Each structure stands twice: as structure tokens, then as C-alpha cells.
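Participant: Sequence:
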Amino acid sequence: MTASQSRLLLIDGHSMAFRAFFALPAEKFATDDGQVTNAVYGFASMLINLLKAEEPTHVAVAFDVSRQSFRTEEYPAYKDGRGETPEDFKSQIPIIQQLLDAFGIPWLTKQSYEADDIIATLASQSEAAGLDTLISSGDRDAIQLVNDTVTLLYPVKGVTELARYTPAAVEEKYGVTPERYRDLAALVGEKADNLPGVPGVGPKTAAKWIAKYGSLDGLVAKADEITGKAGQSLRDNLDGVLRNYRLNCLVKDVELDRAIPDLEWRGWDVTETNRLFDALQFRALGERLNANLPEKAVGAAVAPVAETPQLESAALVPGGLDVWLAAREGDVAIAFTGQFASGAGSFDTIALAEGGQALWFEPSQLDAEDERTWVDWLADSAKPKLVHDAKAFLWGADAAGWPEPAGIKADTMIAAYLLKPEQRSYALGDLAMQYLGRELEAAMTPVDDGALFSDSALAGPDGDMSDDIARVQADCSAAAVVGELAAVQAERLEQRHQARLAAELEFPVIGVVARMEITGIAADEGHFADIEAGFAAQSKEATERAHEIVGRPFNVGSPKQLQEILFDELKMPKTKRTKTGYTTNAEALQQLLVKTGHPLLEQLLRFRDVEKLKQIVATLRATIQPDGRIHTTFHQTVAATGRLSSADPNLQNIPVRSEAGRAIRAGFVVSEGFESLMTIDYSQIEMRIMASLTGDEGLIDAFIAGEDIHRAVAAKVFSVEPAAVTDEHRRKIKAMSYGLAYGLSPYGLSQQLGISTQEAQQLSDDYFARFGKVRDYLHRVVEEARKTGYTETIMGRRRYFPDLTSDNRQLREIAERAALNAPIQGSAADIMKTAMLGVDRALRREKLDSRVLLQVHDELVCEVAPGEAERLEALVREQMSNAATLAVPLTVSAGFGESWEAAAH
DNA sequence: CACGGCACGTA
DNA sequence: CGTACGTGCCGTGA
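If you're matching positions, the first sequence starts at 1 in this note's numbering and goes up one per residue.
Hints may be right or wrong, so weigh each one.
[What the hints assert, rightly or not] Taking lysine-lysine and the BS3-like style, the derived pairs with C-alpha atoms no more than 30 Å apart in a straight line are: (1) Lys612 x Lys734; (2) Lys847 x Lys787; (3) Lys212 x Lys222; (4) Lys173 x Lys52; (5) Lys191 x Lys222; (6) Lys28 x Lys52; (7) Lys229 x Lys208; (8) Lys191 x Lys110; (9) Lys595 x Lys612; (10) Lys204 x Lys222; (11) Lys157 x Lys252; (12) Lys212 x Lys157; (13) Lys540 x Lys574; (14) Lys52 x Lys110; (15) Lys52 x Lys79; (16) Lys204 x Lys28; (17) Lys157 x Lys204; (18) Lys787 x Lys773; (19) Lys576 x Lys409; (20) Lys208 x Lys252; (21) Lys90 x Lys208; (22) Lys204 x Lys252; (23) Lys157 x Lys222; (24) Lys540 x Lys595; (25) Lys191 x Lys204; (26) Lys574 x Lys560; (27) Lys90 x Lys252; (28) Lys847 x Lys773; (29) Lys90 x Lys157; (30) Lys208 x Lys222; (31) Lys574 x Lys595; (32) Lys90 x Lys52; (33) Lys571 x Lys560; (34) Lys579 x Lys560; (35) Lys612 x Lys560; (36) Lys595 x Lys773; (37) Lys576 x Lys595; (38) Lys252 x Lys110; (39) Lys252 x Lys229.
Quick caveat, the hints were computed from the structure, so don't treat them as lab data. None of these values were measured; they are calculated from a predicted model.
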């Protein structure tokens, strides 16, 4: 092959993209808006490799138009049994075609033909024109095209490792020449195409026969002579074999609108390629392309990683922190390791990076001078810092006794959440891959607790020190990654107009949340112990009674055993189905009780009730820290709507509806040095947001006028005076109003209210007759989201809904309900976060000692310092009600007491 | 020991 | 066939 020889590269677009789709994990390749890009990435990667390694002068890519082709006409079952093409794959084909456009590579399709036929046609034209031809395809049918000038590049693993099939290689692998490969394939069959071969005949036997009889024709002529089971099998399946032979023949004279000269590759459109890679968030690939493609080819293997920027890492030399920090001109990125949980933590190591320089140290080993320098810098709000998981950092800083860190300009974990709030993991390593196309360096072994390193230790890779050096470098590069990540994210946030949301709300609120966690809430262990014993006694009693009634012991807590007893032994009517049987949930048990009056059911219900409470209390007791307080963790990157969530323990689902449940709240108490707890919450915040967003005058008026919103709404729906609204009316309207924001259907409403679907439908009709804009709005939100792909809250928080255009009705409808709820629930979350920030600032400004302990979505629990009750209430009310300006007032109500329960209002 | 399924607590 | 969460227990399978 000489350099002057023209070379045509032909690629089977579908088959290579499909390989890539299954070779690369979809969850690691998706844009912020949910578009999966693994096939695009793999395809582009393969393409770049081939362009570079093979230096083709001409290039073309062929695609299938649909599954229909002349082959399905002859044999309708052709390619049956492949299952639905995954939606996530289909959506990537147009993107690959855009990519090819940007690359200046022609792509072809032809109705009624497959990509392979296009390739066969072009390969034969290419041969005639005297070009060498390379075919990249994952379809074995292409083997028949191989000859002295046509080489097949067949994927071995993924799409970047390709085997070179020359005639010799084909013979070596299959024992037949490429011209006879069709014969072999016809005998063996092709499962992927639903072309069954001769049972009992594999490639070995087929090759043997073809060698003996020269070809399939020769074999068929002598079919009667073949002995043994295989021979009989062949005779029994001759028709199928001949059909396979007809179908696996690629068409070499498809009429195409482009000929070889049109396929000359003149290069890519740099601007367009960059734009597309940007949109696809292919940072590493973009760099690879820019770095490599214009050059002459040097080799095939290109690692899928971006260039790592130069970084000079060093362990701190005692006394050197001051000089290092003084030399910093930009934002300093921080990476840290250690143990962090429940509002506290301890650092093992800290690494700082800025401008290609990184510094590493162990906080516990700082000398007095460096420690001073460190805490001063940390507390200086004029020294901008970038952190990944700032909340854990704040816990550690607090536990270390450092002053509160200030100037945290960005948290890369939170930024990633804003960009893609449904992502599962925001681990730094995942984000490094996702946003920078880079692996995070990992230290080989943990560093043992030991001394600081000197420069010489870093310089000399001798002995045990090398592990420690790796550790330092890994930590330093993590810090550098935080810095790079923050820059990329800042740009993205800016593009999406979310820079303010991040900088003015989401980042600052981290500190407020951290302090709530650090503070915790005091628990009355004695009270918890008492009520747990009470619940335990009741649970035991209910269990014993249940055993008596059944006549033998069984596990009352096992839904499986319960099903056997209720439905098999006692022959009770079947309840709603679950995946594995019939439900035994409280609602179903209650209905069974009404139907059968069986005494077992009462005991089961009672058991469930008290057992749950017992378990909640036991969990709470186990989480009381030595300081007598419970320190929950509020997760800021978990709820896709923008809410916080609470865990270890979850203090956002402490019972409140039943009296026994409220006894648990009585165990959360005011601590010494404070006079009471204050609970303060928004009234119907989601409905108010709905009223405001919809602009529905009826609803807005009702909120402005009505003390009791459900009564006011009911009065309008039923066309009566508010005073004439019955409890039943009010109950129905309340359920309807709340259900609206969740996408409640008439069926669901009927179930909840115990009325017929028709009645529920009527209620809904009457409701919207008076509050029509609400329906319009909800409808509009979904339609808008279908167009743009996302919904937005009042403060610009986005959530993406790729399933809104799914062909799967169930998935689509789930997405529709979530989409109509997201701006409402999310805006409420925005408002509460704004209020928390305002409260925090006002408390500092006013120098109050009272503090916020908990947030329960629309409620704050505060601890009131002596004599501050009035000022605190005024201040929090002020901040909460002015956290947003809506078309309706944001009403809050507050209560005080010595426990969470007593502070209810 | 990990995991899915169920059940159930909150806004 | 109502959104958003977290947790404990059971039963199964490694």
C-alpha cells in the first residue's frame, strides 16, 4: 500500500453504532438534558481512530432506512426476534448523521436495501475504479466482499478494537475463502437475522463439506451421498439453506445518488464539529480531534482520555503555606479526604490547587505557623475557594475547631446537581469522567499515618515512599480536577442562566444546611425509651393475639406468610395484585376487615401500626449522639425537584398524623440554654404557587380573600356561600386541589374519596369550570417540557424529562405527571431555601443566638434563645413570607413549645 | 452479605 | 391510574 494509493473507507453506520451502544455504559454517556450519547461517542471514537490510522482518501457511511427491505419481502421472518430497537439507541442515529455532516463525510441510505448492500455496491465500484477499500462493519455478511483490494475491519471488542479480515485471515478463521463464505453462512445460519441453519452443522462441518465439494452447489448436488446424522439434517433442511444463500447475498448494483468521486474526503468543518461536540459534552473527544486529526496518522490506538494539564504537586514543607497561598492569583480548588458523617468529620489530607501548582498536607500535622495561616485564609471571604462537597468540608472544619470557612465560590457536587438533578452519583471521579473525559488518579494504597514529606521524599521514588508520593499526587490531581470542573460547570450554568441560582442560592445555602446538621436537635432519651417500651408491649400483645386466632405461631411481619394465611387458609377475597402476589397493606386489610369482620385483621392492623412506631423510635434512639442530640444529614443533591432530603435518621418523616405518632415528636426537645422550640411553616405553599403560576383569578382571589382556602374554593366550585360549604364538599375539594399538583386522574381521585369515577370526573369538570387556568397551565407545562425537554422553577432550577416523548405510554405518563409537579414542588423548594438563607443572614445581622435546627420542606424548626421569641418569630416570618413575590401572599404560621410536638400550632 | 419487594412514615 | 423522599423487614440468591 503506497501513500499515493487512493483508499475508500466504508462504514456500516447502524451496525457499528449498535456495537458501540452495547459496548459503552449508557449511564456514563448522557448529556445534562438526558440524551444518551454512548453510541455517538463510540462511533465517533472509532471514526477518528480509523481516519487517523488508515488515512482514507474517500469515506462513506451507510445506514439502514428501516427493517423493511427486499429480504423481508421474500422472507417476512427475516431479522425477527431481535426485539424492539431500544429508544435510547434510535435517538442517537440522527446525531451520528449530524456528526458525519460536520465531519464532511457523506452518508447514504436506500429504501428497501440494507446498509450492507450499499457497501457492497460501493465496494465493487471502488474496486473497478482501482481504489483500495476498507469496510468497517459488525455484520458478518460483509465477509463475502473481502478480496485482494477489499479488507474488512470487524469489531472484536467494543468498536475501537478491530480485526483485519484479508482473504488469508478469512480462510484462517473460517476455513473457506471469502467467495465461499456465503456457502458456509447458509449452512450454519445466522441467528441475528433469524436465518436458521442446518441443525447439528457448525462452521467446522460446513467448511469441511465446502472443501470437499467445492461449493454449496457442489454439496447440494451430492447431498444424497452425505452420510450420518449431519447428512440427514442437511437433506431435511435444504430449502432453508438455499433460502439463506439467496438472502445472504449482498446486492452490488444498488442505484445510488453518489458515486466514488463524490466520496472524496476533504476534511471536517472545525466550527461545526466543535459546536456539536460541545452540545454533546464530548470534551475529551473534541480535544483528541483537534490535537490529532490534522496531523498525519501515527498509529491506531488512541486512549480515550483527555490531556491532563500540567500540575506541579508538592507536599507542604513546614512553614511554607504562607508563601504558597500568597502566590495564588485565582480561585483555589480544594480536595480533601477523611471521615465525615452526621455533621462532623476529621480530615486525613487536604490538597490545594491553582494555576498548575498544587500543595498537599495533613491538617493534623500542621505546625503552629501554618495552622494560623491556614485558618486565616480559610475564614477570609476574599479568598475564593472551590470545593467538591463543601458541606462535608464545613463539618470537618467545625470539628477541627477552625473558624467557619468563607468564600466558597462553588461546590462542584452541587453544580453537577443543578446541571443534572437526576444523576445518581456525583462522586468526583464520575464527574471528572463526565465533564472532563478524565479518570481521577487513585493512590495505590492509603497513606499510613505519618509525617509530612519533604521535597526529597517526593523527588526520590525509592522504597516505601513511592506509595506516599502516589497519594500526594492523587490528592493534588483531585484538587486540580475540582478547579477544572468548576470552570466547565460555571460556563454551563451561565449558558443555562443558572449562574445566579447557583451563586446566590444553592451554594450559599450549603452553609446554612451544614450548621443545622452540626447543631442537631436535642432528644429526650428517657421519653423515647418509655414510649418504645409501650409500643413494644402493644406489638407483643397484638402478635400473641394473632397467633392465637390463627392457631399457630407465624411471622406477623412477613407479607408472604400473611398472604398464605389470609388468602389460602382463611380463603379471604383477593386484594390488589403486587408483583409477587396480593397486597396486605393497611388499606387492603381495612377493606378485608369491613368485608369479613375477621378478628385477625384488627390484630394485624394494630401490629403494623405500633410495630412501625416502635421501629421508628428504636432507630431514633440509636442515632442519638453523645451530645444528646440527633444530627440528621440533609442531602442537597438527591431530590430531583430541588428539595432537601433527610437521612441517618430521616427527620422529615417523623409521624404527626396519629396521636401515638405525635408522642414521638414530644421526644424532640428544647435544650439547655434555650427557652423553647418554634415551628413555623408555610400554609398551602404549593397551592399558592399554583395560583400564582397559573394566574387564575378565581384561585388568586380565593387566597387573597379566604381564610380557609378549601372552603373558599369549594364555595366557588359548588356555587354556594362559603358558610354553606359542607364538610363533605370541603373534603372533596381539598383532595382535588392537592391532587392537581400531582397529576391526579379522576380514577385516582375516586379511589381516594371513595366515590365513583363518574362522580370524580364531574367534580373535576366542575372544578375546572371555575378554575380553568389551572388546567391550561398544567397542560402548558407539560407541552412546553415536551418541546424544550425540561421544566423550570421560578428561580430557574431545571429538571429534564426525556421520557415525555417516549413511545411507551406508561413511561410517558409518569414523566408527564412528574413534569407538571416539578415546577410547583421545585419552586416551593426554591422559596424555602431562599427563606433559610434570609433567616440565617438576619440572625447574624441581628446577633440573635436562636438557631434553625430542622427543615421539613415547608416547615422550619428553630431553637429559641432566652428572650428572643418575639424577635425570632418576626424575623423568620418576615424572611419566609418575603422569600418570593407571588400573586398571592405567602402566609406562615408559628407555634412555640418545649418540644416539637408542643410547638405544633 | 447484597438486593429487590413490600410496607409506610412525611411534605 | 398521585409528586417527592428514606427506612426497616423479609426472603432470596450469592
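Participant: Checking one constraint from the list: CA of Lys595 to CA of Lys612, max 30 Å. Satisfied?
Facilitator: The given pair, whose Cα atoms are some 25 Å apart, holds under the 30 Å limit.
Participant: Against the 30 Å threshold, does the CA-CA distance of Lys540 and Lys595 hold or violate the hint?
Facilitator: holds, 26 Å
Participant: Would the hint linking Lys157 and Lys222 be met if the CA-CA limit is 30 Å?
Facilitator: Roughly 39 Å separates the two Cα atoms, so the pair is violated.
Participant: Measure nothing beyond the straight line between the CA atoms of Lys157 and Lys204; if it is 30 Å or shorter, mark the hint as holding.
Facilitator: Given that 30 Å is the threshold and the Cα spacing comes to 23 Å, the pair holds.
Participant: Given the proposed pairing of Lys28 with Lys52, does the C-alpha separation stay at or below 30 Å?
Facilitator: holds, 26 Å
Participant: Are the Cα atoms of Lys540 and Lys574 separated by 30 Å or less?
Facilitator: holds, 28 Å
Participant: For a C-alpha distance cap of 30 Å, please report whether Lys571 and Lys560 respect it.
Facilitator: This hinted pair holds, its Cα atoms lying about 15 Å apart.
Participant: Straight-line Cα separation of Lys90 and Lys252 no greater than 30 Å?
Facilitator: holds, 27 Å
Participant: Can the restraint linking Lys847 and Lys787 be considered satisfied, given a maximum Cα separation of 30 Å?
Facilitator: Roughly 49 Å separates the two Cα atoms, so the pair is violated.
Participant: If you draw a straight line from the CA of Lys576 to the CA of Lys595, is it 30 Å or shorter?
Facilitator: holds, 15 Å
Participant: For a C-alpha distance cap of 30 Å, please report whether Lys612 and Lys734 respect it.
Facilitator: holds, 28 Å
Participant: For Lys52 and Lys79, compute the direct alpha-carbon distance and say whether it is at most 30 Å.
Facilitator: Given pair Lys52, Lys79 is violated - Cα atoms ~34 Å apart, limit 30 Å.
The structure fails to meet hints 2, 12, 15, 16, 19, 21, 23, 28, 36, 39 from the earlier list, while all remaining hints are met.
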